[in-house]
Structures are given as C-alpha cells and as structure tokens.
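**Student:** With the hints as extra help, turn the sequences into a complete structure.
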Amino acid sequence: MNENNIKSRREFLAAGLLASAAIAGCSTSNNPFAPESDDIKPSGQMVKLLSVDGEIIEMDKAFLKPVPDLPAATNTQARRGIPGKKFVMVIDLSRCKNVRACQKACNHMHQVHPGQNWIKVLSMQESAHTAPYWQPTTCMHCDEPPCVKVCPVDATFKRQDGIVLIDSDRCIGCRFCMAACPYSTRVFNWEEPILTKEEEAQPYSCETSMPQKKGTVGKCDFCPDMSRKGELPHCVSACPNGVFMFGDMIQDSVTNGAETFRFSSLIKDKAGYRLLEDLGTMPSVYYLPPVNRNFPYESGLENKYKPDHIYEDAKKLSTKIN
Amino acid sequence: MEKSISLTSEQITQDLLPQKFGKRGMAWTTILVVIALFGLYAYYRQLKYGLIVTHMRDYVSWGIYISNFVFFVAISLVGSLITAIFRLTNVKWRTPLTRISEIIAVSAIVFAALIIVVDMGRPERFMNLFLHGRIQSPILWDVIVISTYFFISILLLYFPLLPDLKILLKFKEKTGKRLNRLYRFQGSFWKGTKAQFQLSDKSISILCVLIIPVAFSIHTVTSWLFATTYRPGWDSTNFGAYFISGAFLAGSGAVVVAMYVFRRYYHLEKYITEMHFEKMGRIVVMLALVYFYFNVNEYLTPAFKMKESEHGLLKQLFVGSYAPMFWFAILVGMIIPIIVLIFKKGRKPLPMFIIGIMVVVGAWFKRYIIVTPTLLHPFLPMQNVPTSFMSYFPSWEEWAIDAGSLAGALLVITFFVRIYPIIPIHETITEQNEKDESK
Chain A
7 MNENNIKSRR
17 EFLAAGLLAS
27 AAIAGCSTSN
37 NPFAPESDDI
47 KPSGQMVKLL
57 SVDGEIIEMD
67 KAFLKPVPDL
77 PAATNTQARR
87 GIPGKKFVMV
97 IDLSRCKNVR
107 ACQKACNHMH
117 QVHPGQNWIK
127 VLSMQESAHT
137 APYWQPTTCM
147 HCDEPPCVKV
157 CPVDATFKRQ
167 DGIVLIDSDR
177 CIGCRFCMAA
187 CPYSTRVFNW
197 EEPILTKEEE
207 AQPYSCETSM
217 PQKKGTVGKC
227 DFCPDMSRKG
237 ELPHCVSACP
247 NGVFMFGDMI
257 QDSVTNGAET
267 FRFSSLIKDK
277 AGYRLLEDLG
287 TMPSVYYLPP
297 VNRNFPYESG
307 LENKYKPDHI
317 YEDAKKLSTK
327 IN
Chain B
645 MEKSISLTSE
655 QITQDLLPQK
665 FGKRGMAWTT
675 ILVVIALFGL
685 YAYYRQLKYG
695 LIVTHMRDYV
705 SWGIYISNFV
715 FFVAISLVGS
725 LITAIFRLTN
735 VKWRTPLTRI
745 SEIIAVSAIV
755 FAALIIVVDM
765 GRPERFMNLF
775 LHGRIQSPIL
785 WDVIVISTYF
795 FISILLLYFP
805 LLPDLKILLK
815 FKEKTGKRLN
825 RLYRFQGSFW
835 KGTKAQFQLS
845 DKSISILCVL
855 IIPVAFSIHT
865 VTSWLFATTY
875 RPGWDSTNFG
885 AYFISGAFLA
895 GSGAVVVAMY
905 VFRRYYHLEK
915 YITEMHFEKM
925 GRIVVMLALV
935 YFYFNVNEYL
945 TPAFKMKESE
955 HGLLKQLFVG
965 SYAPMFWFAI
975 LVGMIIPIIV
985 LIFKKGRKPL
995 PMFIIGIMVV
1005 VGAWFKRYII
1015 VTPTLLHPFL
1025 PMQNVPTSFM
1035 SYFPSWEEWA
1045 IDAGSLAGAL
1055 LVITFFVRIY
1065 PIIPIHETIT
1075 EQNEKDESK
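Chain order of the listed sequences is A and B.
The first sequence lines up with residues 7 to 328 when you count with this note's numbering.
The second sequence lines up with residues 645 to 1083 when you count with this note's numbering.
One thing to keep in mind: the hints can contain errors.
As the list claims (entries may be wrong) - Straight-line alpha carbon distances no greater than 27 angstroms define the calculated BS3-like cross-link-like pairs of lysine-lysine that follow:
id: 1; chain 1: B; residue 1: K923; chain 2: B; residue 2: K989
id: 2; chain 1: A; residue 1: K274; chain 2: A; residue 2: K110
id: 3; chain 1: B; residue 1: K951; chain 2: A; residue 2: K155
id: 4; chain 1: B; residue 1: K989; chain 2: A; residue 2: K203
id: 5; chain 1: A; residue 1: K220; chain 2: B; residue 2: K951
Stated by the list, open to error - If you want the footprint, here are the derived chain B segments under chain A, 3+ residues with CB under 8 angstroms:
id: 6; region: 700-710
id: 7; region: 779-789
id: 8; region: 795-809
id: 9; region: 1021-1032
By construction, these hints were calculated from the structure, which means they are not laboratory data.
Just so you know, even glycine gets a beta-carbon here, dropped at the ideal spot from N, CA and C.
**Tutor:** As structure tokens, this is what we get:
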C-alpha cells in the first residue's frame, strides 16, 4: 500500500513534467489536451497539472503525451549562451580527498578518451615546507581566455554566460589553443574516439561536447546542457564530499547540491582565490584554500591514479575495434 | 673583380645553359624521390590513424613538424637578403647568387606551408581558415604574410628569368622539345624591348622594397606563434629579432652549401669564384655574431633571475636531458662557424661548404630546442597522464615526414636547376659587357 503510494506519486511527477513540456511545445491553435487519436479511452484517473498560465488544471492521465527531451540547442544558441547568466565555480580544497568521482563521472559523460581527463586532480605543494593538498582542476572558463584569442577559426569561443566552448565541427586541430592555455586544461583527440555506432551518429553539439571527433581539441565545458535543464554539472553532483560548488554570479549563489552559499560572501569569508592570477586571464573558477581540512592529505594517497593501465587497456580495446 | 677574365657572351651562355642530369644527378634525384615517397607513406599512415602515429601528446602538443616549419620559414628569408637587401645596397657581386637564394626561398616557403598542413589534426578543414578566419589569431597573420611572401618571391624569381628564357628559346635542339614548349609558355611574350626592360626593372625594384617588410613579417609572426603565449621560454619580447637573425644565418648557410654544390657539379668556377665565398663567409660571420648576441640575450637574463616558472626549463636546457642538443646547436650552429670563418683560410670554398652544412644542421636542432622543451614545463604539474605523455621523442613517422619534406624542398631546387639556368645568363652577360667597356 505504502509502496504503491510512492509509485503513483512518482508517476504523477513524471507525467506532470511530460505534460508541461507538451504544453510548452504546442501552439495555441492546437488543443494540447485533445486526444491524438480516437482510440485513446479515458482511464478515469485524473491528474492535476500546472498550466502555463499558472492555473491548476485537472485532466485524464490517458491523454498525457510523452514528449522527448527538450530539443538540443542549435549551434547559434550554443555559441550565444544562456542569457542573463554568468556561471561560476568554487572548488573547496579543504574538502577534497582525491576520490576522483568527479573525474570518473566527467570522463563517462563526455566519452573522454581513456587515459585522458578533462578534470585532473593534482597533488600540489607550493614549496618544501608548505603542506601538500589535492587540487581538482577544470577548465577555468577565463574571462580573458588566451585560447579564444589564438584560435584562427573561431572554433573555441566565449559565450555571454561566461562559458568557453569548442565547436569540434569547425576545429582544424592546429593545437595553438593548447599551447596558449596556461592551465594545460586542453586535451587532443589523437586518434579515433572509442564510440558506439549510435554515439557516433549523433550530431555534434558544442554544449555536450559530444560526440568527440578525431583530430580536434576537447576540454571541460561546464556542462551547459545540464544548466539548460536546471541541473548541476556532472562533476558537482558526482562528488561525495561537496568539493565543487556551481552557480550563477548574477544570482550570487553557488551550490554543491546539498548546500547553497552566497557566492560573494563565501569567497570573502574563506579567502577565495584564482589560479595564476598574475597572468590576467580572469578565471571563472575560484578556489577556497585547504584550511581546516575534512581529510588529511595522506588519506587521498590510497586513491592513487594509474593512467598507464587505463591507457594500455584502451589501446588494446581500440586495436580490437579496429 | 680582381681577376678580370674576359668571357664572350657565347661562352657564358654555353656555360650556364641547364644541363641534363649526369649519373650522380640521377642518383641524387632518385634518393630524394625515395625519401619523399617514404614521407608520403608516413603521412598516409597519419591520415589513416590520426596524429596518434606521432609521439606528440597532450603536453607536448607541438613537435618536430612545427620546428621544421620554423626552420623552413627561416631558410626562406635568405631570398630577401640576397635579392632585395643586396640589390638595394648595390652589392655588385650578388648576381650569380640571386637565383640560387630565390629558388631556396620559394621551395622552403612552399614546404613550410605544407608541413603546417601536415601538423593539422583536420587538414581537410583547411578552408575554415578563410571561411571562418579570425584576424586576431597570429595563425591568420602567418597565413597572410606567408602567402604574400610566396607570391613576391615567385615574381622575383620569374621577372629576372624572362630575358634568360628568351636566350633558352634559341637552343631548341639542346634543351629538347618539351622544355622548349615550357619556355615558350612562360616567356614568349618577352621580346627584350627597351620598354619591357624598363618595366621589368621597375617591377623588380618595387618588389625588392616590398619583400623586405614582408620577409621580416613572416619570421616575426612565426616567432609570435610562441611569444604570444605565456609559456616559459617563449614568453619573450626578444623573440622577433632573435628569430630573424637566426633565419638570415640559416638561409645564408644554405646558400653557401648550394653555391659549393652547383659550382663543383656544373663547373661554374668562373662564375661563383673564391671571391664569392670570401664575401659570403664574412656575411655568415657577421650573422652568426648577431644571432649569438640574441642568444645571450634570450638565455642569460632569465638564467640570472631563475624565476620559478623558468627554472626547470633552463636547467633542463643547460645541464639536463636537452643539454647535449642545446649546446650542439650553439656550438655547431654559431661558435665554431664564427671561429673558423674569421680566418681568411676558413673562407675558402671547401671549409665554407662544411661550415654551411654545420650552420644548417645547427639551425634545425636549434628550432627543435626552441619548440619542444618549453612544452614539457607547464605551469601546473604534469600528473594524471600516462608516462608517455611526459616526454617527447619523435616517432619514425614524424622523422620520415620531416625528412620527406626536406627531400621535397631539395627536389624542387634540383628540378629547377635542371630546367632553368641557376646563374642568370642575361645579367652575367650585361655585367661582363659593362666591365669590358670600362676597361
């Protein structure tokens, strides 16, 4: 009985989402509530929905139409960005213990070539007598991006929401951006990416950075496709320790999913900083210093990363495919 | 000229007409063709499997393709030095060297452009540079100045060739039917009238003035591909001048080598005299000294400060794993040439030839030293990558493609010499006549 309740509640939520999407997708001349064909019989089970006008309406469940995901952003939209946003990330170094769940999620979701990473968790130590710490590095999405400056074909570009993306359908693979990036954040598809036929057949989207293409550059994209859906980037939601906080500078809030902070006061109170500030690249990624740490540095050592194994396995796999 | 050998114009023409390949010529050409074809095969593999066949990886993302590109651009600068700068400064003895340096310039700039395409991950998207080009990228500046330089160099090769084509057309039996057709196609409109000569002289003068800023641009912009980044070893305001001085040196070395080879192989002792080696020797010394000066600038001041970001790189260059190549390039490419060539005996043809080879080889490795080691010293530490990403030594495909491109450039020069007179016939005759008159 109890289980049933939960189930029906879930169904209701899902149906509601679908229906509102359906409403949004229809023009006013068409009645979105009309059954598509006459053979749909009312089930008698009514669901309550919120209409676009903000009214609660009730309709039969049988008339709900499943609609596919929101259409992917066009290349023009992807190049323009999400209006009214300025995305920002805060990485709290006091919480990182080198779990690399961020890296795994990111690699998986973006089909990053085995052995390569868009997110690198670096073991850092400023000098001999200072404390070591773990530092996840993403693309800094600089406001003065050196990579965008040098790109000869406008394949990598800066959007109005602050995100720097790559159009792999346009990239000529000159790798000038890789030389220009002081954060060494960019990776190159040296060989044919390992993809299934379906993945390969998808049209390329700058916002998902997928499917990856041979002979082009890739990097962390701040997952703008997730932002469009109102969800957090994969690394943020994957981190078990809440290291990554993602948000909007204009709203002045960042969240790791569990906690939400006012961005400006978080940076002020915890003395946030950016990497290689003296170069004037104006990164959109801020770091909170590794003080009062949740985990000792040593606890991260057990998670030693072995890229050589991954790389060798991938080589075997790719030779098998070829 | 100190030795005034009086040559008749018939004799000059006979001496300088292009000759068929002898046995050695055939062997040389065959070897070059084989190397070039092998390079093409390596490139076929690269197209098939991707740039994975190279040993470039995410950190060292530019390797010997790029250093070879810089080398070619450097070599090509000599065309502007000997044709244009010498012409404008009225250096009389340049005549037999102009065409040699101009064909070196043209073939080098062509292969510079080709090797850049080889380095691209997506060569089939080359047209994007024109469809979506963004003028703020130094790569686009390079595209613009290199193509301009190519066209000016081609014209500077072609215009002085026109009177020679007219002479060549008279020797149909000797040159053969096919070449005759080519000469006619290229030069039959040239009647040698006064008006034509005036027009040609004027055009050459204008081109000579034009090519100097363009030549400086091609190599300055090439240096900016590095200097516009933040990387230690590249982030230098000295880079433009440093590259240009090195380029003139490398190109002059190449001209000296070519002078020696053509002189011996085609018995041109009467035209490329010891005096020419003597003068070129002085020029090479001067250029080597200038380049050495810029090297001191480039390495001494950062080494004095030893900033954290530069520290690792400089150590690796001076005493680390790149030290042998670094000091080889300095010693063989600059110091030894300076020491040998300041002596009069060192400026004889054979020692000059050996020094020329040293300068060119040193110049090639110097470009390697400029491009690769810097990339192994990023600002953030190299971690999270396979071990093979943390070092660089070119794969056989990269060596083969680079060797193929060098062989290709030499082939262009070889075929040019087969088809056209490598020493301008008309100009030599005119000069001889002037000399006879003044006597």
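**Student:** Failing hints, ascending?
**Tutor:** 2, 4, 5, 8
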